[in-house]
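Residues per chain are reported as follows:
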Amino acid sequence: MRRTVFPHKVLPWLLLAPQLAITLVFFYWPAAQAFRQSVLREDPFGLSSTFVGLANFRKVLSDPNYLNSVQVTVVFSLLVAFFAMSIALFLAVQAEKIIRGKGFYRTLMIWPYAVAPAIAGMLWLFMFNPSFGSLAWPLRQLGINWNPLLDGEQAMALVVAAATWKQISYNFLFFVAGLQAIPKSLLEAAAIDGASRRHAFWTIVFPLLAPTTFFLLVVNTVYALFDTFGIIHAVTGGGPGKATETLVYKVYNDGFVNLIMGDSAAQSVILMVIVITLTAFQFRFIEKRVHYG
Amino acid sequence: MAHFWMILGVIIVAFPVYYVFIASTHSVQTILRPPLPLLPGPEAAANYGGAFSGEIDRIGGVSLWRLLGNTTLIAVGIALGKIAISMASAYAIVFFRFPFRMACFWLIFITLMLPVEVRIQPTYKVMVDLGLIDTYAGLILPLIASATATLLFRQFFMTIPDELLEAARVDGAGPWRFFKDILWPLSLTNVAAIFVIQFIYGWTQYLWPLLVTNSNEMNTIVIALKKMISFADADTPWNLVMVTSVLAILPPILVVVVMQRWFVKGLVETEK
Chain A
0 MRRTVFPHKV LPWLLLAPQL AITLVFFYWP AAQAFRQSVL REDPFGLSST FVGLANFRKV
60 LSDPNYLNSV QVTVVFSLLV AFFAMSIALF LAVQAEKIIR GKGFYRTLMI WPYAVAPAIA
120 GMLWLFMFNP SFGSLAWPLR QLGINWNPLL DGEQAMALVV AAATWKQISY NFLFFVAGLQ
180 AIPKSLLEAA AIDGASRRHA FWTIVFPLLA PTTFFLLVVN TVYALFDTFG IIHAVTGGGP
240 GKATETLVYK VYNDGFVNLI MGDSAAQSVI LMVIVITLTA FQFRFIEKRV HYG
Chain B
0 MAHFWMILGV IIVAFPVYYV FIASTHSVQT ILRPPLPLLP GPEAAANYGG AFSGEIDRIG
60 GVSLWRLLGN TTLIAVGIAL GKIAISMASA YAIVFFRFPF RMACFWLIFI TLMLPVEVRI
120 QPTYKVMVDL GLIDTYAGLI LPLIASATAT LLFRQFFMTI PDELLEAARV DGAGPWRFFK
180 DILWPLSLTN VAAIFVIQFI YGWTQYLWPL LVTNSNEMNT IVIALKKMIS FADADTPWNL
240 VMVTSVLAIL PPILVVVVMQ RWFVKGLVET EK
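Residue numbers (numbering that gives the first Met the number 0), protein chains in the order written: chain A, 0 to 292; chain B, 0 to 271.
Hints are computed from structural coordinates only; laboratory data are not their basis. Values in this document were obtained by computation on a predicted structure and should not be read as measured data. Glycine included, each C-beta is placed from N, C-alpha and C at the ideal position. A portion of the hints provided could be inaccurate.
To be verified - Derived pair list, reagent style DSS-like, types lysine-lysine, alpha-carbon separation capped at 27 angstroms:
| no. | chain 1 | residue 1 | chain 2 | residue 2 |
| --- | --- | --- | --- | --- |
| 1 | B | 264 | A | 101 |
| 2 | B | 124 | B | 226 |
| 3 | A | 183 | A | 58 |
| 4 | A | 183 | A | 101 |
| 5 | A | 96 | A | 183 |
| 6 | A | 58 | B | 124 |
| 7 | B | 226 | A | 241 |
| 8 | B | 179 | A | 8 |
| 9 | B | 179 | B | 264 |
| 10 | B | 264 | A | 183 |
| 11 | A | 96 | B | 264 |
Stated by the list, open to error - Chain B residues, not near chain A, derived (Cβ > 12 angstroms throughout):
| no. | residue |
| --- | --- |
| 12 | 4 |
| 13 | 44 |
| 14 | 48 |
| 15 | 75 |
| 16 | 133 |
| 17 | 135 |
| 18 | 204 |
Generate coordinates for the entire structure from the input sequences, incorporating the hints supplied.
So this is what it looks like as structure tokens:
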């Protein structure tokens, strides 16, 4: 707690005013509206609305399309988090072994962080475009019937690859920082005791990285849930069929393209609950980490 | 061996960017006949020259200069706006005592849990009601409220020793003098880090510009690119699409690479 402060009473409010105003107008008000709409149903002309309680939620949760999109989201997020984290960890471990030229590799590794998710998706679409993608061409030569615009599983593979690619740099930077924080003396002790490198990694390094890994798991899940909207929108548009329609894409589609307000609002509220749970999880864990130093 | 894996990793990571760069230097005919050569082609000058002198207008209805200008304005506006308002509010919360101080902090903090994606439709309605559709204010303002930047500045301000503030007060410095002469110079590294992170954030926005812009004139380069490929048919000028992709990717990459030192430190510290 700070002992010395300025005595002004009005000035702090003036300083806070811009942020509070923007927060209230663009965050709290719309969020409250989402809650309100989620318990209302509008007539087809949008002229009046009636209170329907939890009917919108019941409708959404029993809609096979929604359940499909839950499944798509879970598969997509698990794949992206798993690949983005394991590839990044592997590369971070390799980078730690290198004595000279570490900075050079890091510079080349951080590029994708700066690429917009939608563009990451387009880059992968260019490479794997069935008609002229240079990497689709060898797949065809191998006799694979490659067409992500028609085949749901291939479309999923393509968006997972683009989303993973974009997230590797971020995870890499955090794993490198995490690895640097591990005392070298521990590894030297293990080496003296005759532990193999692989053994030392799984019994010493990996457990000590757990805080970083856990933090990244939450961040990657949030990323896969929300930030990948651009990839899906630019590459597959949720298709083919509904094979890549994630929850966020569906909220957008129902609210903007199909204009089903009540359903869209109920979906927004469900998403809010997911984010709140994830964030709470993340901060509980950060508290713990601070505690253990 | 480590070098081998790193080189492989770098190739995978850099290849998509390299690929689109190579494609941007070839003619449409070469691009459409896979596999693409692995070296730059002879059409670079023609493609880039054409893209900047009116060929993008022809397919996208808006010039490449305008797209780059819009995107830069939005990215810089978001970055500077965030720094300004979050520094101000962190300053108020740390260096003053007033009723509801912590309530204000929590009010800002909780916005972390309300990303645009979960409140798309009602936020859009607010924008329509305020007449902010197709305006720069509409593209920038809602995105500059940031809990992360406020948290970072608050954390940093709390590490400033009490003695520093005491000494400044004894010398008769008011809040503005203290900020300008002592706090701001000490914050520069953090400001640089947040600038990079938020510039990237602004440049790569997608859902928001998609919602609040209708006119081509207000497009960001990312949205324009998406529009160019969604009308994809036999005559899509893929060479121009590739040029636009390169130009959409290059500025933020340059910012990250040039300001790497602050960026990496800021990223790892802000989020932890």
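Let me make sure I understand: some of the numbered hints might not hold for this structure. Which ones are they, in numerical order?
Numbers 3, 12, 18 - these are the hints that the structure violates, sorted from lowest upward.
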